[in-house]
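Q: Make the full structure from the sequences, and use the hints.
2 protein chains.
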Amino acid sequence: MSLLAVGTIAFDAIETPFGKVDKIIGGSANYIAWSAGHFCKPVQISAVVGDDYPQSEVEQLKHLGVDFSGLQVKEGQKSFFWSGKYDMNLNDRTTAQTDLNVLADFDPILPPQYRSTDYVLLGNLTPEVQLRVLNQMEKRPKLIAMDTMNYWIENDAYKPGLLEVLKRVDILIINEEEARMLGQDYSIVKCAKHILHTMGPTFVIVKKGEHGALLFHKKAAYFAPALPLEEVFDPTGAGDSFAGGFMGYIACTNDISFENLKRGVIYGSAMASFCVEKFGPQRLKELDMQQIDRRIQEFVDLVQVDIVLQD
Amino acid sequence: MSLLAVGTIAFDAIETPFGKVDKIIGGSANYIAWSAGHFCKPVQISAVVGDDYPQSEVEQLKHLGVDFSGLQVKEGQKSFFWSGKYDMNLNDRTTAQTDLNVLADFDPILPPQYRSTDYVLLGNLTPEVQLRVLNQMEKRPKLIAMDTMNYWIENDAYKPGLLEVLKRVDILIINEEEARMLGQDYSIVKCAKHILHTMGPTFVIVKKGEHGALLFHKKAAYFAPALPLEEVFDPTGAGDSFAGGFMGYIACTNDISFENLKRGVIYGSAMASFCVEKFGPQRLKELDMQQIDRRIQEFVDLVQVDIVLQD
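Line by line, the protein sequences give chains W and E.
Sequential numbering of the first sequence, starting at 33, is according to the numbering used here.
Sequential numbering of the second sequence, starting at 33, is according to the numbering used here.
No lab work stands behind these hints, which were simulated from the structure alone.
If a hint is listed, it holds; no wrong ones were tucked in.
Just so you know, same-sequence chains aren't split out, so a pair can sit in one copy or run between any two.
Pairs of lysine-lysine residues, derived as BS3-like cross-links and limited to a Cα-Cα distance of at most 25 Å, are as follows: (1) Lys-222 to Lys-117; (2) Lys-294 to Lys-240; (3) Lys-94 to Lys-55; (4) Lys-222 to Lys-310; (5) Lys-106 to Lys-94.
Computed from a predicted structure; not experimentally measured.
A: Okay, here's the thing in structure tokens:
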């Protein structure tokens, strides 16, 4: 099945304790496409770039089966730019510069073939843009997942829009800090329950970086490990690679049972674990299915334990 | 098989965001005994108390099958006392008061029947006291595990002694902060490898609290989840309950294979998850094997995922 993803396509300047790059490609839609594209064809991208964005990057993704008919190229304008620096712990980052450029007035217009897609992933963008995507769908997709960020949760101008989007999605994918902010409690379990019971989504995935991820659904919870990595080179895009791998796998298998979502979390975690090994989406570009399968097996083995209880 | 455990028996005053107690029983040997005692008989305790320590507490543990012939009662002296307060996140705690009292000159003297025990757990005490325990063993135990703390790692007066103990143990059980301090790297994987390759232990267990635990051995790693708890009432003793459950299970099954140590990590995690539900060892006192088995099953279910890869 196809997967519709809306997000950013950008240039990033990144500094980590292990190195520095001045201008590489980034943005949530790029990471989602490079991650989901390994599982699901086509991934339909809705995004905006300026005329400074290299066509070769678009071609590489097209080669993977990504549909770019929803990509808007704004002549005479510049692509979204973000620069930031990571602390030694690689969890905390400081944004040095954010130039919205073309993103400032992004109006996602979905080509006709995008509007009946069954699987939708709303990358982190203003709640208003996320809503405009949903409003163009001709039928209720089978599964809608969304990402968001602290800025939209904390900001009174955006919070009502965010709550609107939440009512219309099935899965919220967020990190621990965002979960606490949205659920207004320190306990992640209480936050997830609060979101599930009052806000709309029927599944919540809390990404915990090097500590794995939790999937919550009604009274059930699933705990996916993170691979104990010796080195995390660049965490940029890990969350989007997770979301892309997760939704790419679900769309490809066309199965939205809790059991299959658990598998999706492992596929998402595997793609995130590749992403952090190099700057930008470079490592995702090099992957083949054999490498992905081997990594999935590592995740499965990591938690494998045989316990037989006497009844 | 029997398990020899050395540690503290103390009074604690604890304040958490959920309540406050002025003087309850605590100390690593208490938590270890209440945890391991459910699996392994006898647990042989080597510890020291003043004449203010209630005999009824000792009797309760004897009833569980704990051997207290190695308990020294110092007439006219007071038991070790610790008081502290936990932050809202329940990970950070501030020590308000530490009165060593009888602990200041604790010299563990092992009764004859302790000296040939196959399983030994060195609770967190000065490296010198830990060494004195090992020096009294008549034969090399089958498995020696140790706990330690930041104070002995950072302090130049204790570090050499700590390195001596490390050379003589099989398993080091520590938390993330201590692993980083000892391994001198931010990456937990690198720290574990450094410890395994240069310091003596053949297994390292890194406890990550609400994020689970990692077991490292040569090139293998095992990731045990933590139960997503809605409320952690009092984290005091969770680490000791983990160590007690882990070593209690290993001693009871008398199997030191990597596969069985993985099971031990789940049993340790389960006992820690009970411990934090009430103040002090109260919750551990109330447990029966049926409740423990149900909790173990929850841990197993939490990470259960069926993934079939095409070869």
